[in-house]
Amino acid sequence: MSSALFGTSSEAIPQSLRDELDGNVFRGVDGFFAKYFENKSWSATAQKKLQEAKSAEVIRKLSAQASELAQLTLTHCGLNLHFRSQPLTKPAGPLSASVYLETSHLPSVAGNTRVVGEFHHENAAPVAVEDNDDILRLCGRALEVFKAQSARLFLHGFRVCGTTLELWVFDRSGAYSSGELDLAQRPDLLVQVLVSYAMMGDQESGFNTFVKHLGPVGSDGGYVAFDQGNKLYLRPKLIAAPSYLVGLGTTCYPASVSPTGEPDAVIEQLKQARERKVWGVLQLLGSQDLGSVADLRSGLQFPGPFVNRIFSCVATAPLGRPIQKFTSIPELLHALSDLVKALRSLYVDAGIIHRDIAIKNLFLAPHRSSTDGPKGVLIDFDQALDLATASPEQPLVGSDGFMAIGILSGQRHTYRHDLESLFYVFLWFAIGNDHEHDDACDILEGLPKTSRLWKWCSLDFRSVGRAKAADMSPKGFEAILDEFSADFAPLRGVAWELHALIFPLRDGRVFTGTDTEQVAVEGLYTAMADAFERGVLAPQN
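Residues in the sequence shown are numbered consecutively from 1, following full-length UniProt numbering.
Just to be clear, a hint being listed does not mean it is correct.
[Claimed, not checked] The calculated DSS-like cross-link candidates involving lysine-lysine, where the alpha carbons are at most 25 Å apart (straight line), are:
#1 K325 to K341
#2 K212 to K237
#3 K231 to K212
#4 K48 to K35
#5 K449 to K475
#6 K325 to K147
#7 K237 to K325
#8 K147 to K212
#9 K455 to K475
#10 K212 to K40
#11 K147 to K237
In case anyone wonders, no lab produced these hints; they're calculated from the structure. Please read all numbers here as calculations on a predicted model, not as lab measurements.
Taking the hints into account, I'd like the entire structure generated from these sequences.
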């Protein structure tokens with residue numbers, strides 16, 4: 001497990017993690033200890049082992065030199081607690097270390113971490129509620145585990161600072177704790193907690209037990225079986241996984257109907273999904289709700305509201321390739337043309353708008369697909385909106401770098417905004433020509449600091465909206481075209497044609513509104529799809 005981001009106590013916490021956790025961290029939640037550590041099937045056994053160990057002995061061993069902490073195993077009456085640690089301070093100072101609790105029969109890899117914690121020597125300062133950086137650093141450890149176990153539901157954690165203990169749980173809606181616990185008053189408490197962690201089953205530890213495994217965890221991708229009877233075998237290598245702690249946590253696995261067959265489906269852990277019988281959209285094979293954050297947090301009294309998220313497993317087909325993996329510009333243009341048609345079918349035939357058109361949510365259909373099938377496929381309907389049941393209030397949704405100008409200024413989402421976002425997808429490809437990354441911020445790392453696209457990525461949405469509006473003006477768009485990579489330079493004419501469709505001039509000004517007349521709607525979809533198709537005929541470098 002890499003500690004590049006959080007290797008020492010002096011390293012800065014990424015701003016993105018601070019933003020995720022802002023308002024989503026709760027300390028001293030009532031009912032915490034009772035929910036996770038009392039009246040369990042293993043409580044009697046744990047109590048027996050408490051009589052055979054003292055926290056003082058555990059603390060003494062944890063207080064050893066950092067070199068001795070690297071692989072520490074504590075054994076009490078057959079119960080193995082395996083610790084893997086990473087020092088947070090220099091050897092000369094009071095010891096502080098990250099601690100990862102694993103059971104000894106599992107290999108020491110991030111994917112098998114059961115509990116994450118931090119230990120600080122008795123000379124370290126006590127836990128302080130205002131010590132946000134230390135809280136965030138522990139959250140950073142949790143983030144590392146969630147990256148390795150992206151389908152995990154929650155994760156236990158702890159922090160020992162001198163004789164003060166604080167217990168934590170991390171999930172996709174944030175983090176919450178027991179509050180400060182005094183080890184001086186309860187010297188056996190640390191051992192009780194560690195023994196309890198070791199005795200917790202997979203479900204109690206936060207693992208996603210809907211994914212079953214044929215062998216030891218980590219040896220295979222596992223399989224899922226839906227109530228409808230469908231059974232699909234997962235491959236260990238993910239197609240997509242979240243790089244954040246707090247959020248939807250969408251994870252995509254390649255899968256097949258047999259343990260050794262060629263992957264032919266995709267399993268997505270989604271907030272919710274419904275079958276979309278429209279052209280150019282993934283076919284639904286099966287779905288099942290697995291619970292929610294509210295279910296996981298039941299029995300606890302929080303001091304404020306939290307975001308409830310629903311855990312679902314959805315199987316879809318066919319299994320394609322991320323759109324950035326296109327092998328030729330004609331392949332990309334054919335896919336973009338079909339994606340326009342898919343958006344038309346979604347809106348016209350089903351009354352739905354996608355609302356999160358971005359590189360990460362677009363796939364290339366497999367080569368073996370039928371000749372009349374779509375070459376580009378829409379995925380991830382987490383933010384899709386059924387217009388027939390839409391509420392008047394709509395939160396701002398979308399992906400950084402791809403949101404439409406109107407959305408950035410607070411307008412309600414329309415079908416045209418999906419098309420504008422698809423136009424931005426084309427521009428990101430034309431300028432970045434990046435075949436690896438699907439995140440705008442990652443693509444920016446390969447562009448010069450003078451690129452106008454740097455102003456398209458920010459949490460200051462109004463500022464981004466102004467920057468995009470300037471870049472979509474006739475003069476500003478000329479500067480955008482000047483940034484086209486050599487491979488896409490022959491498509492500047494196509495870009496101008498698309499620009500005129502999305503941002504027509506009316507009364508001498510760029511129009512960013514939405515025409516709702518049926519003729520205008522059909523005309524825009526048809527013209528955009530045709531423009532991408534004509535691009536295939538453009539001379540290629």
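inquiry  = Between the alpha carbons of K325 and K147, is the straight-line distance 25 Å or under?
reply    = holds, 23 Å
ask   = K455 and K475: Cα distance at most 25 Å?
value = Given pair K455, K475 holds - Cα atoms ~17 Å apart, limit 25 Å.
Given hint K341 paired with K325 - CA-CA distance at most 25 Å = holds, 21 Å
ask   = Under the criterion that the straight-line Cα-Cα distance not exceed 25 Å, is the pair K48, K35 satisfied?
value = Roughly 20 Å between the alpha carbons, so the hint for K48 and K35 holds.
request  = Assess, step by step, whether the Cα of K147 is no farther than 25 Å from the Cα of K237, and give holds or violated.
outcome  = holds, 13 Å
ask   = Has the given pair, K231 with K212, been kept, meaning a C-alpha gap of at most 25 Å?
value = holds, 11 Å
task = Given the hint that K212 pairs with K237, test it: the Cα-Cα distance must not exceed 25 Å.
result = holds, 16 Å
key: Restraint status (C-alpha distance of K449 to K475 at most 25 Å)   = holds, 20 Å
query = Are K237 and K325 close enough, with their CA atoms no more than 25 Å apart?
reply = Holds, at about 16 Å.
query = Between K147 and K212, does the CA-CA distance stay at or below 25 Å?
reply = holds, 19 Å
task = Measure nothing beyond the straight line between the CA atoms of K212 and K40; if it is 25 Å or shorter, mark the hint as holding.
result = holds, 23 Å
Taken one by one, the earlier hints all hold for this structure without exception.
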